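Counting the sequence shown from 1 gives a position; the numbering used here is that position plus 192.
Don't take every hint at face value.
Now the in silico label distances, taken between C-beta atoms and shown as ranges [stated by the list, open to error]:
{"no.": "1", "residue 1": "Val202", "residue 2": "Phe350", "range": "18 to 28 Å"}
{"no.": "2", "residue 1": "Leu359", "residue 2": "Ala228", "range": "34 to 44 Å"}
{"no.": "3", "residue 1": "Asn260", "residue 2": "Lys287", "range": "17 to 27 Å"}
No wet-lab data here; the hints were simulated from the structure. What you are looking at is a predicted structure, and each value in this text was computed from that prediction instead of being measured. Here a beta-carbon is modelled for each residue, glycine too, at the ideal position from N, C-alpha and C.
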Amino acid sequence: MRTHSPVELVPHDPQWLQAFQRIRDRLLALLPQALAIDHIGSTSIPGMIAKPLIDIDIVLPGLGHIENATRVLLAEGYEPRGNRYDDDVWAFLSKGSVPVERVYLCPFGNGTHRNRLAFRDYLTAHPQAAADYAALKRGLAAEFRMDGDGYTAHKREFVDAIVARALAGDG
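Take these sequences, add in the hints, and give me the full structure.
Rendered as structure tokens:
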């Protein structure tokens, strides 16, 4: 599916960490049952170019907590973006905030959440892998400028390979 706005990558902004911390504190006040609120995605990787939005996983004790957390996020103006990845991950977007926030609700033990942390931590610890990912992102952003889904889909092979290395303890 083609997007209506271009895939925009910007240089890493050191303010992203402070923005995440501010958002995390607000989300924790709204969702005190959260077991973890983790900064994920490219804005969480030092020095990485990224789309200017903060991706956040909110880990809840179980699936039974998703419905209430959804009500809270909707009341706070987050737009629902559906169940993602066929892995019990519900996405929400807060377009009115600066930076934009993309929040995911995940039950404890969720595989997508585990993989996101593994990817983030591996790239943070391996500068060459991070540089390779940045180069891939630049090329795909040019090729799929108006196709965010295509941009994301074509990163999948690289991401999967890094997650496999990270989970195997390779590197």
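Comparing the hints with the structure gives:
1. Val202 - Phe350: 18 to 28 Å: holds, 20 Å
2. Leu359 - Ala228: 34 to 44 Å: violated, 18 Å
3. Asn260 - Lys287: 17 to 27 Å: Since the Cβ atoms of Asn260 and Lys287 sit about 23 Å apart, the hinted range of 17 to 27 Å holds.
Hint compliance for this structure: hint 2 is the single one not met.
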